[in-house]
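Trainee: The chain contents come next:
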Amino acid sequence: MLQRNSFSNHLLAAGRLLFSGSGRTTLATVPSTPSSDDHETVVPVGSGEGPRQRGEQISRAMKVYLAQAQAKDLMMQKERATFDLGKRHLANIMGVDVADMTQRDINRAIQYLFPSGLFDIGARPVMKPPEQLFASMTAVKFDESGRPIDSLFYTLRPNFYRLLTDIARKTDALMDHADQVRRKQGSAPKDSQIISVGSTWVSMESFSQILGEKITEEMYAQLVAALENLMTIPFAHMERDFIFKYRKMLGGGKSDGKQKGSFLPVVEIDATTGRRFATAFGGKKKTRAFVTIHDAGTGKYTVNGHGIDTVRSLQAREMLLAPFITLNKLGQFDVEARTEGPGGLSSIPAAIRLGVSFCLSAFVSDVERNQLRLAGLLTRDPRRRERSKVNQPGARQKWTWKRR
Amino acid sequence: MRLRSLVTLGRMIAAPSSARALSVSQPLRTVYDPKAFEEPITDKKLLIQPLEESDPRNFLLIKAMQSDDTPVFYRDRVVDKFVNLCLQRGYKEIARTMVYEALETIKRHQYKAWRKAPTAAEKSAIELNPFVVFSQSIKNCQPMMKLIKLTRGGIVYQVPAPVAPSQAEFMAMKSLRDICREKAHKGRTSFETALAGEILSAYKNEGATIQAKQEFHKQCEANRAFAHYRTMAS
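Protein sequences appear in the order of chains A and B. Using the numbering used here, the first residue of the first sequence is number 1, and each one after it goes up by one. Using the numbering used here, the first residue of the second sequence is number 1001, and each one after it goes up by one.
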């Protein structure tokens, strides 16, 4: 992080020098106004000397940038070498060939050699290639006179402002297009809207990553407002791809019933009986269920070797049969379930129900699978017991207030 | 050599980590993110109908089906609600068994009456479906008004006010349950027997629950002088 800070400071310094260098002013007169996050001093370019020409000033600013870039390069080379060496040592310790060692192996080795109980994931030891740890320095091109070719260089956040400009241009273009249509038709243009439900804007951090620049909350709000506006104007669907680059799906289902977290098992064929079968895993709280269902069955249902008739609780029976009841497929499949872990009359049937639903979803059509999804049978129940709080009788419940 | 390697390793491991801001947000009220989850459809008739294209359930995740919401053919909203009302200390299985046993008794009673009925016209007048009998009884027990307590100048006024259908249903169920519990107190009779009897009486607009409703209406009538306090009371 230090590298990124000093780099941006130098950019800042360069920017300031260049801005005030317009006209015939000298560098000596540049007011040094350090910003709040300044850790390093502004490079004293030509301070205390006589008046200089403009070309020379610019080239000095560029020199600062180039020196920084070079220093950064050197640092990265060094870090890369250290990383490679560390990786080799790690491979030696763990008894693996260096060539076969992936980042996953490294992570596992670090976790094994330096076990950490620290809660914050960011505080735990890591070993990653330097490219991932240190911010990369974007290469800036300069022309012959020493000026950066990209005019947005001076904004210090060129990618952010470029994106904002792009959005504005696209918005203008779409509005022009709508105007043209209105002029042709003589009425307000009718257009299909972009469906925004089911997806949200990517987070500020993701925007930072996409742009390769650190953005503030205000900048993020600016971006989101501009994109929201673009999304709501007529003919926005023409820019759908552009807009959805910056939206992330909430993981919801599609018409084929495949939703985030649901599992579609592969249907196999039993070599001896020739019947098709599928196997899946279901869970609820700490109960785990391993389920196999065979098609062309008679409705045989065994849980840990016991038939469904041994389950007294009617609600538990209903839950066990829920996927078949929902799709009107009672008596067409044979189910074999095995459970592990704790659980009672609600947890165990719920875990098995999820496994059975996953299995059944492999045998049925897209429409039926979507029905299973909409009935909530392909969702693992994420609810857990909430811990009780200190100074409270329960998780949410409070003691009755008493004056004394 | 070995020491050096570990030192090198250690240096690599001490990676900079971005400072995490202290969370000041409220704790999550539910693990189902309200932006990402929708309620499941547990009605089989609704389930087979295609959704509208812009329906959020096309794009969002669906909550897991509740354990007491399996779409079995005898699923009945009113009965389920009453089961939950009869629930004590989380023993759902017991509450459910009691209510369903009462429904079975009603079925037997109605069927016996149906067998005994001499003419076809009399036979067709007898309702054989206990679920229909039950919901009609609950409807018969629903009060038309409610009383809201309002304290003014140290005096508690009972202010009559109109009641919403859902609340009227709740009041009817609660009154029915309380009367049955009272009848079954100290093993005088069983809850399910008392419930079956009460439901059958209420179906004919008779019995203790109907009486309680009428008394409640009288109370409302007696307090009609305070009806103008309603704007302050609600």
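Honestly, the hints are just simulated from the structure, not real lab data. Hints are supplied without guarantee of correctness; some may be wrong.
Stated by the list, open to error - Covered stretches of chain A, as calculated for chain B (at least 3 residues, CB under 8 Å): (1) 146 to 153; (2) 198 to 211; (3) 311 to 320; (4) 339 to 349; (5) 374 to 385.
All values derive from a computational prediction rather than experimental measurement. Ideal placement from N, C-alpha and C gives every residue a C-beta, glycine not left out.
Trainee: If a hint holds in the structure, say so; if it doesn't, say that too.
Mentor: Hints versus structure:
Remark: the stretch 146 to 153 of chain A is not confirmed as covered by chain B, as 0 of its residues place a Cβ nearer than 8 Å to a Cβ of that chain, below the required three. Counting residues of the stretch 198 to 211 of chain A whose CB lies closer than 8 Å to any CB of chain B gives 3, which reaches the minimum of 3, so the coverage claim holds. Under a criterion of three residues with beta carbons nearer than 8 Å to beta carbons of chain B, the stated coverage of the stretch 311 to 320 of chain A is upheld, 5 such residues being counted. Counting residues of the stretch 339 to 349 of chain A whose CB lies closer than 8 Å to any CB of chain B gives 3, which reaches the minimum of 3, so the coverage claim holds.
Check result for the stretch 374 to 385 of chain A against chain B: holds, 11 residues qualifying (beta carbon to beta carbon below 8 Å, three or more required).
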